[in-house]
Structures are given as structure tokens and as C-alpha cells.
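> Those protein sequences? They're chains R, U, F and A, same order as listed. For the first sequence, the numbering used here gives the first residue as 1, with consecutive numbering after it. For the second sequence, the numbering used here gives the first residue as 1, with consecutive numbering after it. For the third sequence, the numbering used here gives the first residue as 1, with consecutive numbering after it. For the fourth sequence, the numbering used here gives the first residue as 1, with consecutive numbering after it.
By construction, these hints were calculated from the structure, which means they are not laboratory data. Computed from a predicted structure; not experimentally measured. Some hints here could point you the wrong way.
[Said to hold, decoys possible] Restricting the straight-line Cα-Cα distance to at most 20 Å, the calculated cross-link-like pairs of lysine to any residue (SDA-like) are:
hint, chain 1, residue 1, chain 2, residue 2
1, A, Lys79, U, Asp292
2, R, Lys154, U, Met386
3, F, Lys68, R, Thr298
4, A, Lys199, A, His185
5, U, Lys340, U, Gln394
6, F, Lys79, R, Glu364
7, U, Lys103, U, Gln219
8, R, Lys340, R, Glu364
9, R, Lys135, U, Asp292
10, U, Lys154, R, Gln29
11, F, Lys199, F, Gln261
12, R, Lys67, U, Glu47
13, A, Lys38, A, Gln163
[To be verified] With the C-beta cut set under 8 Å, the calculated list includes, among others, these residues of chain F facing chain R:
hint, residue
14, Glu72
15, Pro104
16, Gln162
17, Gln163
18, Leu178
19, Gly179
20, Val180
21, Pro189
22, Leu192
23, Tyr193
Beta carbons: idealized from backbone N, C-alpha and C, even for Gly.
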Amino acid sequence: MTQVYPDAKGRYGDFGGKYVPETLMAPLQELERALDDAMDDQHFIDELHQVLTEYAGRPTALTFADKVTEQLGGAKVYLKREDLNHTGAHKLNNAIGQALLAKRMGKKNIIAETGAGQHGVASATVAAKFGLSCKVFMGEEDIKRQELNVFRMKLLGAEVVPVSSGNGTLKDATNEAIRYWVANCEDHFYLIGSVVGPHPYPRMVRNFQRVVGDESKVQFAAAEPSLPTRIYACVGGGSNAIGMFYPYLEDDVELIGVEAAGKGIDTSEHAATLSRGSRGVIHGSLTYLMQDENGQITEPYSISAGLDYPGIGPEHAYLFDSKRVRYEAVTDEEALESLKLLTETEGIIPAIETAHALAQAFKEAKHLTSDDTILINLSGRGDKDMATLMNHFQEEV
Amino acid sequence: MTQVYPDAKGRYGDFGGKYVPETLMAPLQELERALDDAMDDQHFIDELHQVLTEYAGRPTALTFADKVTEQLGGAKVYLKREDLNHTGAHKLNNAIGQALLAKRMGKKNIIAETGAGQHGVASATVAAKFGLSCKVFMGEEDIKRQELNVFRMKLLGAEVVPVSSGNGTLKDATNEAIRYWVANCEDHFYLIGSVVGPHPYPRMVRNFQRVVGDESKVQFAAAEPSLPTRIYACVGGGSNAIGMFYPYLEDDVELIGVEAAGKGIDTSEHAATLSRGSRGVIHGSLTYLMQDENGQITEPYSISAGLDYPGIGPEHAYLFDSKRVRYEAVTDEEALESLKLLTETEGIIPAIETAHALAQAFKEAKHLTSDDTILINLSGRGDKDMATLMNHFQEEV
Amino acid sequence: MLTQTSFQGKLTKTQNLFIPFLVAGDPTPDITVQLAQKLQTAGADVLELGVPYSDPIADGPTIQRAAKRALESGMSLTKAIELVPKLRENGVDIPIVIFTYYNPVLQLGHDYFFELLEKNGVEGVLIPDLPYEESSEVRELALNYDIEYISFVAPTSEARIQQIAEQARGFLYCVSTLGVTGERHEIAPEVLYFIDKVKAYSQAPVAVGFGISTNEHVRLIQQHADGVIIGSKIIRLIEEELDSLLTAEAREQALERFYVQVSDLVK
Amino acid sequence: MLTQTSFQGKLTKTQNLFIPFLVAGDPTPDITVQLAQKLQTAGADVLELGVPYSDPIADGPTIQRAAKRALESGMSLTKAIELVPKLRENGVDIPIVIFTYYNPVLQLGHDYFFELLEKNGVEGVLIPDLPYEESSEVRELALNYDIEYISFVAPTSEARIQQIAEQARGFLYCVSTLGVTGERHEIAPEVLYFIDKVKAYSQAPVAVGFGISTNEHVRLIQQHADGVIIGSKIIRLIEEELDSLLTAEAREQALERFYVQVSDLVK
Ligand SMILES: Cc1ncc(COP(=O)(O)O)c(C=O)c1O
Ligand SMILES: Cc1ncc(COP(=O)(O)O)c(C=O)c1O
């Protein structure tokens, strides 16, 4: 299966492709060639590995969550600790990979889109480390909501470009980043933050994120006699999930992607792209997305900024249709409850994105036995979410 | 030398000892016995190692800071990445060690003091992980200044006890924690956050923090043919510094501890205990401290809450007097400038505490040659300092 | 050497083409019809009728604003297509090309989309985010329905210029500069060189778009290409008259001023 | 079986001792003198004169507040010792014990400290954060200067009780409960058991402190121990009269009320 897709046109079954203005076709081909060339070059692979190890702090730990396990009374719960990655989430793995590639391609400038600012911070970080200029496109609404991350990017030397088009959120920031790239593709590298966008982005980002799953496989084998019964990851664009799932696709392991149900998938306020969306094209790729009957893309909602995206990576669309991965949706409330549970029992404050995966995993773990093991991708830490959490929990704690 | 101190009375040369109310003598002896017993027990050592590895994410990376090195044009700069430790600083190493010891001693409740909240968060974290109740004493002024960390502790399930005595800062919180401990020593474990306090605390905390230096020695040997020329660490109470320095004390390596000079050591607003303080007793230990001519302890000042302490660990007092370690002081301004430099060149936002070590190291690295290597203990990440940094840099960035 | 007649034979000219762009429904469907009449009177050879879209990645701020206004007036792909018979009723008989992003097309379904186009008498279609490699099914359907599928070439197209140009139908949309739609100050010499290169391969008339905003641009481009596509500049002219256009009593005069400005632009 | 006379022979009683505690300079040095007079009249056998300190880790909130007031009035270790001759001048002739944390002593230097004590006629010293193991030098100096170095025992002292008690001088300060200074509601039976145990070893009178705040406490304790040390309760009585004490016209009456309250406490 791992060999089957994407095909030469960047297709995962029906999904993927390159739905971009003509101007970008050449840069995408150039990128694809450079990527293939780099991934064949042991020197590049070694450099990537070295940066991941010596700079980002990989491998991240695999933690047996003994207290949660005890509390749930079902399957043994393991956590893959991407929260311990430099800058606090899996996002950096991909940013490092793409930045090294940009450098190799001789591009001195990177551009990136960001919603909550996590990918923006990761991009600004690698730009600083590798001596690249960095422009981060960010919706004006998001800039207001994520003051701290905006400041962090600036401190790292990046320029944050406010985007007022549309609703001034992630989708619009992405549109604007693409527009800027169209105009400046000759010397700019567009560093996309998830397994979305036109081919070869979904493949490239997956390959830079699979280190999560690959490491976990080795670590899990050292801890348990067999593979995990189930693996959980939250799904926004889908990069942490595919990074975790990919190395297990051909194994006898149940894989569960967890979307944001916001205020409920039966309301209009959610971001459950697979559970409630339909096929369409967004940001250069054919996939599932949230749209109205006229094919206008609609604004999603989730308490978690990183899941608040109307599309999803095309590989997930494929894995959904082919039923290799099960996708579930978890509400704001359920996520926050699980966040609190993990915090109180394990002393780990996860990102609200991550808490969606936790919620589904905890629900299911109860009904499994102590012979079962589950692995959750702890995609990031909750430090960035403190303002939101304070709003929500202030009275309770 | 490593065998010479502390002696049986907890003395490092003249320094250290147990200057505590009679009530605490027995609990301190109990602690000392339990500690010695635990450190002799391979089972305890293995458990400690396992938690550090699988939960905290150790070993933390050793990063070659190529861009800073290039920019400074002198010695090669290496960073020991305690910022990648769970909860973002070296503090957790010690909290894990003490919490495991508390559990082993059958104490179900821990108490801790905190200034900025870093040790409070570390304590609340281990309390959650090991199922202990946790009370964190914190000055009322600090509670106002560190709203976010207060919330974090509460979310982790800890009780934050406001301390209004004195100036309502760290020193007073420590006094209050000691008072509470005096009253509740039978079933409470006092989890001190640095190499301060009465014997055996300074020794215990050093032994739980030496993992930093021990790891770095192995990692450095893999990266360079010889030991570092100089090693730098910031000094508040002195735990990250002693953790880093201790394994090198008998080696031919220059060790530099960096205190907070605040607005300048010739003003009244600084926290440069060794550079400007005198001998005295604080929090149970004979050491250097900041006091007036009547022996009343004075309030220190530093932009960095973690260095804003009027005393220092007794082992540092000894290493200062014996000249084995050189101590320097760095102002707020110098620290912030180095914080910015590291952020922009390496994509790592350090804690303001850490930035003091950076400032001194960067100053000196310029005058060394490319045959020299320096190692800086990157004691923590700057996420906790964003509000302070925003205030300071908002116009600049 | 352009011999191909196209747009169901309705485009007989193959030089000095003037192809203006309107967003259907900007600011209202009725006004779009009136603006189209003026453009035809001012010499338009083909009308590019844009369908407003929530996420127009190939468009600059001017056309984004127009799309926003049009979406607020309730426009959709279906309604835009159904506006064509209205245009005909009102005397607009030049070939009409529907400009739409791919996602709304996908929601209608390819077949239904072409049925709609045919039923409503649309002569061409142009999808900016459906590059050559992704468009074979749509191009085939277009051939079957005898509707021109307009292709793009860009300065970065390089090796693909020939492939695309040789299969071009209707006209070949030559993106004059990198970037999204919007007015530009200067036309760089490389642009003219690029146009010449494209012309050498193209069977269809080569029309140049993106950034043409002055009469000088038009004259210069017409010396090298077969036509000009003018989008953002036209939208800007509409924006200048927006209040008047939306006021019943002032509209006639605003349309007249629009007509004069457009005529000056392409004179 | 207590035979030792102490405090340079000035303490001849070895039972039913009443040892009140004042913070020197709370709220002013002059008022401290007046309060001491009243305490002597109310039957005090020894006066414990506290030196205010910035970081009093063995004290509860009441004594912390007193220390704060005293520091604000400019009090220091030297000034507290120099207050003793003033007390003598005003007729306070019971033994006086200086209660001070160790750090101010260290700043003066051990020798100079004892010289000062001697010169000013202080009979005893008590350092709450200088436990037995850290105090050998100070104890030796105290012996040389014939000044009583008062030791503490606490419920947690266990094996050390005997060692400390056997070397006790002046009186042995028996910390009745865990915790810092402050009033308590009840005296637990374990406390009495603990006192009995201490008494069995001690050469010096055993005085019990920490938490004694009612006449019932005093009576109960006196049945087991040789004396009571009353600190926080005395400070509370001062606090109740604080405003009056600080007003020249009201002071005399306030002192009188203070006297009555103290007398009731130890009657
Ligand atoms: C911690 C964390 N987890 C998950 C996500 C969602 O992204 P993806 O689905 O690409 O992993 C984000 C996005 O910002 C994130 O910050
Ligand atoms: C990141 C960091 N570094 C250093 C310190 C200073 O403590 P110490 O001197 O004990 O290492 C602190 C204290 O909070 C800290 O948070």
C-alpha cells in the first residue's frame, strides 16, 4: 500500500492533484524534482536526521500513562510526546524538512500561512536557524486572537503579514500565501504547514512527519510485546495524524483520526470535514471540505485554532473512503474535559487540538481490556492555549 | 573534591548546615536517611532514570549553535537544551527526584515555594503524575504578576496558597512554606526548588540536577575531541548551574556562574548575591546573601523572576570562596539583548534567566578562538516570559 | 497565421481583440447586464463573465472585492450562467466566456455544468485553478459540447508553453506577469518577449491579461499579441461609480461615464 | 528535683514560671519598656525580649506583625540589646533573655554579640534557628560570658531530647506543638505526655511555649511543666490596645487594661 500512492499526478485514489493557477505548475514541478532528489541523497537525509536530533530534540519520548490507564480501567494508554519537540508540537518536524529543502534549492525566502500561529512559529524558527527570510500570512482576526504567537514570530525575526480578505482566518491566510507565492515563486519557497495543498505538498509533509510514527514503532516494540491495538490522532489538516499513521498502514492496527465537532456536528459550528463535508477542491487539492450548496467554502468552527480548517489532507480523504482509517468527531466540551483529565492525572497539559484525540481515545479505552494497548499522538503542548483555558476553567479551578 | 563535601553536618567549607527550628531537625534527619537509602537502592535509581527518560524526555539535546558561533566569530558555542525538558526547564529533574522520594517515604502531600511559578508548575506536575496532594506557596505580588502560571498550577490540581507576609515575593513564600512544614512535617514533604535550604536539600537537589552535566559530558565527547573550554550557567538559587558544573569540578574546565545584575550592581536594584552580598543565614543555610547592616535580608531585584532571590546555594558560596567557579553578573538589558540574539540566530527563545548566562558567554566567546568550545546550560524556555518580553520589545519588533 | 474561427463561429476577428472582465452580480445582476451592454458598445469582442468565489486564489484585491459584492448580491455559478440569456435579451451578442474556479463546477458535476452552459448559450469557459494536467476530462467535454475551453500560459510555463499553446482553443490566455490579477504600472520587456514566444506556438489568438490598465499598455500589447484581457481596471472603473450605479436616478449617467472611460482605454 | 539557680543567680524560683514575650520596639521602644514594667508587676519571672527580623521562619502571623511594626520603628539587634539598660532604669529587674534569629547575630560577630549582651546586662539568649548541632560555638561563648543559652526541644526531637535536655541552661524551651508561634485552642494530651518526658531528662526548669493563650492552658501546663512562655497572646493583647498605646493621653489606661488582662491570664 505504501507504494501505491500518491501516483505520478499526486493522486490518492480520486484525491489530491494540483488545482493551481498555471503560474504555479512549474514551481511545483521544480519542488517535486528537488524533493525526490533530496530524499535520494544520503547527505540530505543525514542532515535532516541530525537537525531533528540535535536541534529539535528527537526522538520524543513514548510515555506510559499509568495514572490515566488506572483511572480508565481499560486498555493501557501510551502517549507519543510531540509536546516535547522544540517549539512544542509536531509542526517543527515538517518545518525543518522544508526549510532544509528550501536551502538546498537555493531559495532564500520562505512564506507560510498560519492560523493559531503554531506553524507560523515553527516556520519563523527554522527561518531563523537556517538564515532565511520569513513572511507569515495570518488573518487579521487570528492576529487579534493570538497576540502572543504573533509577538513570538516577530521576535524570531519573521514578518507577519495581516490578511483582511474573507473572514480574516486561516483559510484566507492560506489563499493570500498562495497569491503571494504565485507572484514571487521564483525566489520564494512556500512552506505549507500540513498535509494539504497541491502535490507534492501532501506527500512531502507526510514524509517529513512520518518520523513520529516511525519512532513510536521502535519505542513501542521496546515497551510492549505487540503493536498497539488502536492509535489515535487529531486531524486538522492531518499532518500529525498521517505522520503517526503512515508507518502502520499495512499493519493490523486500528487507526482513528479525530476531527473537531465544535459545538456538535449537527450544529453549523464545527470543523468535522470528513464527518460532515463533501468532495471539493481547496488550496490546490481535491479532498473533502466544508462548503455550501453552491460550492462556496464555508467557515469552520472549533475552540481549537489548529483544527479550525475547512479542508483536510487528500490522503485522509482517501483513507476515509477506503475505510482504512476510522474518523470520529469530538466536541469542544469533550476535548476540554479530557484535557483536564490528562493534566490532573499525568501532569501533562496538552494542546486543545491534541485533547480531541485524547477524548476519543479515553472514551474507547474504557471498553477495551488490559490486554489492549492504545497509542495517542500527543501532538503538542497546551501552553499556547492558556488564555482559552483560563476563560473556560477559571471558575472551576 | 567530589568526596570532600558536604561533610556529615552538611557543610561546604564554612557554608551550608541546618539553621532551622528544632522541630525540623528530626524531619531533616529522616529525609537524609531516606535519601541515602534511596540513592543506594538500584531500584530507586532505575525508577528515577525511567521517569526522566520516558516522562520528562531526557536526555535533552546538545545543540551546536552554528549561527551564533558564526556571528560571534570566536569559540564554538554549544547549548544544553533543558528548555526541551517537560514543562520547559531543568526544574523538573529535581521535582521528579524529590517526588519519587516523597512517595518512597510514604508522604502523600507535598509543599513547595515558587516565585515566577516555574518550580510551582514542576511541583504541581509531579504531584499530578505521582498522585500526591500539592500546596504551592506563592507571594501575593508574584501571584498578580504570574497569572498564567498560577492558573497552570491550579489546572494541574495544586492549591496555590497566597502569601502576604513580607513583600509577598519568593523569599516570603519560602518562609511561609517552611512555617507550614514546621507545623505539618509529619505527613508533608517539602519539595524545595533549588540547591538552597538546610542540609540535605542542597546536596539532594544537586544530585537530582547533575544529570544535566552528566549527560552533557557524554554528548560533548561525541561532538568534540576535548572538554569544553568554558561552561556557563545562570545562578538564582543555583540548581541549574550546580547540576551542570558538578560533574566537571575536577576537570580542567573553566566554570562561570552568572548572577542577575538587574539595573546594575552599583545600584540598589540587583540580585547579585555573590558579587555584592555577604555571609549570612537564609532559609536554613549559611551562605552569601543580600542584607542590610543589621542583618535584615533585603529584597533583590531582577527582570527575571527566577533569579530574583536574595540568597544562593551554599555550595556556590564555597565554590566562590575557593575560586573554583568564577561568578559574573549581567544586567537586565544585557540579558534581553542576548535573548534576542539567540532567538534571531538560532530560533530558540530562552528564558530570561537563561539569557543571563548567554550574555556572559557571548561576551567572552568573541575573545576566544575557534579552537575553543563553550557550553551554555540553556536552563529553560522563554514561553513563560512572553508578557515581559512583549512589554520590553513591543516597539522594536 | 491564425485561421481558426471559434466560439461557434461567432468570433471572426483574430486580432486587436478586446476582452473585458465583469464579475456577474457586481454590484447586482441587473447592473452587470447594463455594464456588459456598454462594454460591447465600447468594442468588446468577447465578454469574460466571472463567477464570484469564496476563495479566489488567482485574484488580487480588486477582483476579490468585486466577488464579495457579488456574493452578497446572491450570485452563484448557476445564476451566473443563467444571466447569459438575460444578456442576450439585452442585446449582448458577443461570445461569452464563463470564468469560474473549479470547486463550484465540481459541485454541479461536469456533465450538468456543460449542459447548463449549452442550454444558456455560453460559448466558452475558463477555470483558473484547473491547469492543463488536471483538465483533460473537462476539455473533452468542452469539445463535445462545442464550448471553448480557454487555457492559460504563464511566464513560468516554459516547456509546457508549446504543449498548451498547440491545443489552445478559443483564445490562449497569456498571463503577462507573475502574480494574481490586478493593475500594474509597467509592462516589462520580458513580457513582450514571452508573448512573442507564445504566439509562435499558438493556434488560437493570444490574448494577454493580468495588469493591463492604461491605453499605453493596450497599444503596446496589441503590437505583439492578438488581444487584451482587462479585468481589474474595469472593476476599478465600476468601483468609482458604485454609489451612482446603485442609485436609480444616477445610474444612466454613471454607465455613460463608464462607457467613456472604457472607450478611452482601448481607443 | 530542680536545684540549679540560674540567670546569674537572679532566677531563684524553679516552678510556676511566667515568661512573657515582647518584641522590642513594638510599637515603639518606649512603650516596650512600659509594657515590660506591667508584665513584671503581673508576675513575670523572666522577660523574653524579641528582636524583630525580616524573615522570622519560626513565627506565626501575630509575631510577624509585631516584628513588622518594630522594624518600622527602627529596631535592630543592637538597639534591642541597648534597650535593656533602659528597662533596668525603669525598674525591670527580672532576668531578660534576648530572642533573636541567627543572621543578625552573625552580622555582629559572635564575640561582639556577647560583649554587647554582657555590657548591657542581658542574662540569657535564645536563637530559634540555631539548633543544638549548629550552636556549639555560641553555647561555649555563652558559658564563658555566664549568659544562659536557652535550648529548644520539640515533639519531633525524640532521641535528641535527652541530649539537649541534659545540657539545658537557664530553662529548657519546650515547643508544645508542631508549628510556628501562635495561639491554639486546645492542648492535646500528647503534649502533656511529651512535657513529662522532657522533664524527666532536664536539669533546668522546663518552660512550655507555642500556643498558650488562656488561663486554663496556663493552669494545665503548670501542673506538668515548670513554667509557661506566652508570646502571641501577649502580642494580641498589645494589638488590641495599639491605638490607645500610641496616643499619649490614652496610654496609661491602655497599659492598665493590658496589666489586668495579663494578670487574669496567669492568675
Ligand atoms: C498541537 C497541534 N496538533 C494538531 C494540529 C493540527 O494540525 P494537523 O492536523 O496538521 O496535525 C495543530 C495545528 O496547529 C497543532 O498545533
Ligand atoms: C529557566 C530557569 N533558569 C534558571 C532558574 C534559576 O534557578 P536555579 O539557579 O536554581 O537554576 C530558574 C528559576 O525559576 C528558571 O526557571
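> Next, verify each hint and record whether it holds.
Evaluation of the provided hints:
no., hint, result
1, A:Lys79 x U:Asp292, "holds, 15 Å"
2, R:Lys154 x U:Met386, "holds, 12 Å"
3, F:Lys68 x R:Thr298, "holds, 14 Å"
4, A:Lys199 x A:His185, "violated, 24 Å"
5, U:Lys340 x U:Gln394, "holds, 12 Å"
6, F:Lys79 x R:Glu364, "violated, 47 Å"
7, U:Lys103 x U:Gln219, "violated, 32 Å"
8, R:Lys340 x R:Glu364, "holds, 17 Å"
9, R:Lys135 x U:Asp292, "violated, 53 Å"
10, U:Lys154 x R:Gln29, "violated, 52 Å"
11, F:Lys199 x F:Gln261, "violated, 29 Å"
12, R:Lys67 x U:Glu47, "holds, 16 Å"
13, A:Lys38 x A:Gln163, "violated, 37 Å"
14, Glu72, "violated, 12 Å"
15, Pro104, "holds, 3 Å"
16, Gln162, "violated, 14 Å"
17, Gln163, "violated, 11 Å"
18, Leu178, "holds, 5 Å"
19, Gly179, "holds, 3 Å"
20, Val180, "holds, 5 Å"
21, Pro189, "violated, 17 Å"
22, Leu192, "violated, 18 Å"
23, Tyr193, "violated, 16 Å"
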